[in-house]
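Peer 1: Going left to right, the sequence shown walks through residues 1056 to 1228 as my numbering numbers them.
Derived from the structure by calculation, the hints contain no laboratory data. No residue lacks a Cβ here, since even glycine has one placed at the ideal position from N, Cα and C. One or more hints might be untrue.
Claimed, not checked - Beta-carbon label-pair distances, calculated as ranges:
id, residue 1, residue 2, range
1, T1135, Q1204, 19 to 25 angstroms
2, E1163, M1117, 29 to 35 angstroms
3, N1197, A1121, 25 to 31 angstroms
4, N1189, Y1219, 19 to 25 angstroms
5, N1189, L1129, 21 to 27 angstroms
6, K1088, A1215, 17 to 23 angstroms
Unchecked claim - Taking lysine-lysine and the DSSO-like style, the derived pairs with C-alpha atoms no more than 30 angstroms apart in a straight line are:
id, residue 1, residue 2
7, K1112, K1132
8, K1112, K1061
9, K1088, K1061
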Amino acid sequence: MNYPVKMYEYHAWANQAIFNRLLELPGDVYNRKITSIFPTVSEALTHIYTTDLGWMKILSGMDMNAALADAYLLREKLETILLEDLNLRFIELSEQFTAFLSQHPDLEQSIRLDNPYAGIRDTRFSEIVLHIVNHGTYRRGNITAMLRQLGSSSTMTDYAFFWYRSESEQVLK
């Protein structure tokens, strides 16, 4: 089993689980202002998306500073689009990651990052994937807390639920 690929599959599944839950809730929950980690659930989801997009650009060969700047430019626009439209963007980006990960022969390959927040470091592709997954888990936890503040419940996105979902799908095949 290729663990970076499996972990990314979990990340995509968990993001979709959050979207599925949000689509069940009243429409104003997505953009309702609160005092929390982010001012709205929309901004939290946009943060996950733009971070993932920046990393996809980096994995594809773009300089980190340029990738982050490109992704950041989308932030304001994405915060105002419909939940359904952001969901489609997440799905498209997930498909790009899946294609990249399946076509890349060596996820242990290193690249040099010039991180504007932390400095220069050689980092393996697999480490970047783990960071993407870890960051997404952390931010989905923020969204869960925000939904509670807004009087709603979230959904379970623990990795163990992904295991069981995966096993039940395999049984059905």
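Peer 1: Now look at each hint and say whether the structure bears it out.
Peer 2: Hints, verified against the model:
Taking 19 to 25 angstroms as the suggested C-beta distance range, the pair T1135 and Q1204 conforms, at roughly 22 angstroms. Range check, E1163 to M1117: Cβ separation about 21 angstroms, and the 29 to 35 angstroms hint is violated. Distance hint check for N1197 and A1121: the Cβ-Cβ separation is about 27 angstroms, which falls inside the suggested range of 25 to 31 angstroms. A hinted range of 19 to 25 angstroms holds for the C-beta pair N1189 and Y1219, which are about 21 angstroms apart.
Between N1189 and L1129 the C-beta distance comes to about 22 angstroms, which sits within the given range of 21 to 27 angstroms. For K1088 and A1215, the Cβ-Cβ distance of about 33 angstroms falls outside the hinted range of 17 to 23 angstroms, so the restraint is violated. About 19 angstroms separates the Cα atoms of K1112 and K1132, which keeps this hinted pair within 30 angstroms; it holds. At roughly 20 angstroms between alpha-carbon atoms, K1112 and K1061 fall within 30 angstroms of each other, so this suggested pair holds.
At roughly 35 angstroms between alpha-carbon atoms, K1088 and K1061 are farther apart than 30 angstroms, so this suggested pair is violated.
Of the numbered hints stated above, those contradicted by the structure are hints 2, 6 and 9, listed in ascending order.
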